[in-house]
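The primary structure of each chain is shown beneath.
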Amino acid sequence: GGIITQTPKFLIGQEGQKLTLKCQQNFNHDTMYWYRQDSGKGLRLIYYSITENDLQKGDLSEGYDASREKKSSFSLTVTSAQKNEMAVFLCASSLDWGGRDTQYFGPGTRLLVL
Amino acid sequence: AQSVDQPDAHVTLSEGASLELRCSYSYSAAPYLFWYVQYPGQSLQFLLKYITGDTVVKGTKGFEAEFRKSNSSFNLKKSPAHWSDSAKYFCALEGRSNNRIFFGDGTQLVVKP
Chain B
1 GGIITQTPKF
11 LIGQEGQKLT
21 LKCQQNFNHD
31 TMYWYRQDSG
41 KGLRLIYYSI
51 TENDLQKGDL
61 SEGYDASREK
71 KSSFSLTVTS
81 AQKNEMAVFL
91 CASSLDWGGR
101 DTQYFGPGTR
111 LLVL
Chain F
1 AQSVDQPDAH
11 VTLSEGASLE
21 LRCSYSYSAA
31 PYLFWYVQYP
41 GQSLQFLLKY
51 ITGDTVVKGT
61 KGFEAEFRKS
71 NSSFNLKKSP
81 AHWSDSAKYF
91 CALEGRSNNR
101 IFFGDGTQLV
111 VKP
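Quick note, the sequences are listed as chains B and F, same order. When we follow this note's numbering, the leftmost residue of the first sequence carries the number 1, and every step to the right adds one. When we follow this note's numbering, the leftmost residue of the second sequence carries the number 1, and every step to the right adds one.
So here's chain B without its partners, still in its complex pose (with noise of 0.2 Å):
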């Protein structure tokens, strides 16, 4: 088993902050994930990255950057934050990329902006 952690709980920030989120896991995955969650829809990619230093963009990936420093982190920035945004990023890991393989998921970082 394994546990995947993200950091902090809950983020509040200003309009035009830039934010940083962090993601670990102690599966030994090589490949880690970031979506966003908006209230009552599903959820988005916004990076991936196959292994350690590799980054790839998913389909939201405009506004954030992101960085895998070592295979067991994974952290995502919100470049410029906007105002009045709400939301819930979850990061996921998964044994391989393009495999079929199952994600498991954090707890999520809950982002308000005000």
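Keep in mind that the hints were calculated from the coordinates and are not lab data. Where hints are given, some of them may not hold.
DSS-like mimics (lysine-lysine), calculated; alpha carbons at most 25 Å apart, straight line [said to hold, decoys possible]:
# : chain 1 : residue 1 : chain 2 : residue 2
1 : F       : 88        : B       : 41
2 : F       : 69        : B       : 83
3 : B       : 9         : F       : 88
So these bits of chain B aren't anywhere near chain F, every CB distance computed over 12 Å [stated by the list, open to error]:
# : residue
4 : 31
5 : 77
6 : 80
Going by beta-carbon spacing under 7 Å, a handful of chain B positions derived as facing chain F [to be verified]:
#  : residue
7  : 26
8  : 41
9  : 42
10 : 43
11 : 63
12 : 100
13 : 105
14 : 107
15 : 108
Glycine residues also receive a C-beta, built at the ideal position from the N, C-alpha and C atoms.
For chain B, the structure is supplied; the task is to place chain F on it using the hints.
For chain F alone, kept in the frame of chain B given last:
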């Protein structure tokens, strides 16, 4: 185009009834299909997946789903439903050729005791 549709935003039923949550997809080739569940205040958890082979797949917590290529569906089923099944359920598709992943908007299930 690749997409997932969960046409029922909310489903309410009584404990003991049979539940079926609908999922349809659009993809030109055979997809990988998944169901995840999100309990209140928690993150998503894997329920089951279809990769190939038997069109009826069984997952955790007594759930099963049937892949129907003829109408591009992957409906989730369980009988009988229990109040603890109340949660939000997400259907997801991964394209075999491009490995892009799409989630539906989810179905909020309420099972009344």
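Status of each hint after checking the structure:
For the suggested pair residue 88 of chain F and residue 41 of chain B, the alpha carbons sit about 11 Å apart, so the restraint of at most 25 Å is met. Pair hint residue 69 of chain F plus residue 83 of chain B does not hold up; C-alpha atoms about 44 Å apart against a cutoff of 25 Å. Distance check on the hinted pair: residue 9 of chain B and residue 88 of chain F sit about 21 Å apart at the alpha-carbon level, within 25 Å; holds. The claim that residue 31 of chain B lies off the interface is violated: its Cβ sits roughly 10 Å from the closest Cβ of chain F, which falls inside the 12 Å cut-off.
Distance to chain F confirms residue 77 of chain B as a non-interface residue, since its nearest Cβ pair spans about 21 Å, more than 12 Å. For residue 80 of chain B, the shortest C-beta to C-beta distance to chain F comes to about 26 Å, beyond the 12 Å cut-off, and the non-interface label holds. The criterion of a C-beta within 7 Å of any C-beta in chain F is not met by residue 26 of chain B, whose closest approach is roughly 16 Å, and the hint is violated. Annotation: interface hint on residue 41 of chain B holds; nearest CB of chain F at approximately 5 Å, less than 7 Å.
For the restraint placing residue 42 of chain B at the interface with chain F, the shortest Cβ-Cβ distance is roughly 4 Å, inside the 7 Å limit, so the hint holds. With its C-beta approaching chain F no nearer than about 4 Å, residue 43 of chain B sits inside the 7 Å limit, and its interface hint holds. Checking residue 63 of chain B against chain F: minimum C-beta separation of about 20 Å lies over 7 Å; hint violated. Interface hint at residue 100 of chain B: satisfied, since its Cβ lies 4 Å from the closest Cβ of chain F, which is below the 7 Å cut-off.
For residue 105 of chain B, the suggested interface contact is upheld, since its CB lies about 4 Å from the closest CB of chain F, less than 7 Å. With a cut of 7 Å, the hint placing residue 107 of chain B at the interface with chain F holds, because the nearest CB-to-CB distance is about 5 Å. Hint on residue 108 of chain B holds. Least Cβ distance to chain F is approximately 6 Å, under the 7 Å limit.
The earlier numbered hints that this structure contradicts are 2, 4, 7, 11.
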